[in-house]
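Engineer: Going line by line, the protein sequences match chains A and B. According to the numbering used here, the residues represented by the first sequence are -6 to 252, in order. According to the numbering used here, the residues represented by the second sequence are 29 to 407, in order.
No wet-lab data here; the hints were simulated from the structure. Mixed in with the good hints there might be a few duds.
25 Å max Cα-Cα, derived BS3-like pairs, lysine-lysine [unchecked claim]:
1) A:LYS94 x A:LYS213
2) A:LYS145 x B:LYS257
3) A:LYS213 x B:LYS100
4) A:LYS63 x B:LYS100
The calculated label-pair distances, taken between Cβ atoms and stated as ranges, are [to be verified]:
5) B:HIS215 x A:ASN92: 58 to 68 Å
6) B:TRP135 x A:ASP93: 33 to 43 Å
7) B:LEU362 x A:PRO35: 44 to 54 Å
8) B:ARG284 x A:GLN252: 45 to 55 Å
9) B:SER106 x A:ASP46: 17 to 27 Å
Sample of chain A residues facing chain B (criterion: CB under 7 Å; computed from the structure) [stated by the list, open to error]:
10) LEU5
11) ARG77
12) PRO78
13) GLU83
It should be emphasised that the depicted structure is a prediction, and the values quoted were computed from it without experimental measurement. Where is the CB? At the ideal position from N, CA and C, for every residue including glycine.
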Amino acid sequence: MPRAPSLSPGALPRWLLAAGSAAIVFHLAAIVIPILDMPSGPWITDQGLRPADAPEFVHAAAGLSTLHGKYLRVAHGFHFVTNRPADIPEIQLEVLLRNDKGEVFETLRFPDPNANPWVRHRQEVLVSALALDLPVARPTSEVVPPPGQESKVWIWAVRGENFDNEPPPGPPPDRKVPLEFREIQQHRVPRTRDVVRPADWSQIVARSCARYLCRTYGAKSAEIIRHRRDPIPPAVLYARETPPQAFDELIASFGEMSQ
Amino acid sequence: MNTPKSTLTPTKPAAPASGIIASWVNFWFAPVDPVGLHALRVLAGLLFLFWLLPLAGQQQALFGLDGLFDAKAYVESSRLPDLPPHLFGWSATYLSANPVVLGVIFWVSIAAVVLFTLGVATRFTGVLTWVAVVSYTANPAISYDADPLLLMLAFYLMIGYLLLGQWGAGRSLLTRLLGPRETWLFHRPATGAAFGSGESVGANLALRLFQVHFAIAMVASGLHKLQVKEWWNGLAPWFYLNTPFGTTAERVQAYRPSPESYLTLFTLAAYLVLAWQFAFPAFAWRRGAWRAVLLGGAAVGWLACAFWVSLPLFGPILVVSCLGFLSAGEWRWLQSFVAEFPGVRSVLRRLSRVPDGSVLAGPKSGAVARAAAVSVGQR
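Given the sequences, and given the hints that come with them, work out the whole structure.
Structural biologist: In structure tokens form, the structure reads like this:
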């Protein structure tokens, strides 16, 4: 095969060098913008710990990375979730599949202990989406809406908790008592304890998993039960004995969901 | 952008360039022996297979629109505020929810990655490989931190092979569309020529873009860690090692005899990780002993990810990406070094039917290595 002479850098025409350089600068800008266009923190503020917004000039230039982010998929903030190991609770799911008669005919576990490590890892990532709980605002005044106009909220409630009467001033829920996902009237939200609900993203993933499992196994409904353990603080090393609550599981049921 | 040339004669060193513009042009546009691009392709291809093959049989559950994260979930989550836009991209698996079609797409993707790894029609299979990597990292519910690094590898390799061999005359249309035949892993070069020896601006450009992007990723991730208290107090490794469901009271008890020693080790490890990440741009392009810092750090990261941290892909990606910083001369040296091991040379010779002394060892390959080193050393 005939061989062409060696190409030295100078052999590239100037217009090509200029165009290439412009493309490189644009590309570097497009990959750096999403890194800077991320909230930082949380920082200590007058309103407590809060994240700070990204710089405005970067936010204004965010459109430059649309091509790289949405289509080429090479623009990323590199704010890895796993950089915050102490904030990531671990989740395992127990899924009860029920038939038309309401009988449980199959119990599945995610991550599946029988799956290969790679599949199991992706399942771990999937179920970690169900970890995030958000606080529910407690009512600050006695506003009782007229019948039929009640505003409702979904919360993690202690199983058997009664919200029909005045909110009971009971103690915080025992972590060993299963929680259930319930819709209650907003003015019935307990005021004497912290009340949380699963994040919208968690609910979407839970419903989607339930639909898939119902379709796959021909189930009438699927009940997703979340087992959650919080990270174990290193302070346990200095206790005389490991506090048993360090290994407590918070069990919460997303309820029965169908296709 | 590949200019074939005889590599048996060392490249004549160019006049030393000076000034910012000359440095810029040399950094991005100097033609190099594409052996680094080829090596990165093979390693990345194996990595992609290592990632994708174990997911076989789970295509519908993990990637299908009727899977664990289904079409309805995409619609619902697209209405959520404050979700990063990169969560919602495109994927070949969105073409159909039919399990058979999904299976076909999966195995075509695997075939494309295998062919790309082997160096068959790299211009075409490089694009297919990138499409496959994008497609199988698109599900926002199962995406995790290593995925952007996979995407980087696939993207810049695609760019490299799209450009490789495009500059200059004498190429057939088929070669321009599919890529040069010389990229075939077991290609038998003409006597006296070395595999992948034609210098290429495209190979350099793609490798430089990858290197710069990866260095940015390392520093950006390090900066993010500084927003996290557990990295400042150095206790982050404790949490990676002692996962909530994986830790028992007995295991905690085992630390008790000397908690200070363990915590000293954990905090030291955390600060070494931070130091490695922040200093990455300072040593990644340096030769000599600094290679031990680059590759040693990556190897330690792999071991840590394999045995202690639940990040199975992160370690191999780290090692492959760091190997992407080796120069052509270093790759040639490594090639010769590996070929000295008993048995390796005969196996390689049998695989490629390479004539003695043409590629892997001997005085001629030494000339190749020196030529590449001189060429790369110009930068």
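Engineer: For each hint given before, does the structure comply? Return the numbers of the non-compliant ones in rising order.
Structural biologist: The structure breaks only hint 2.
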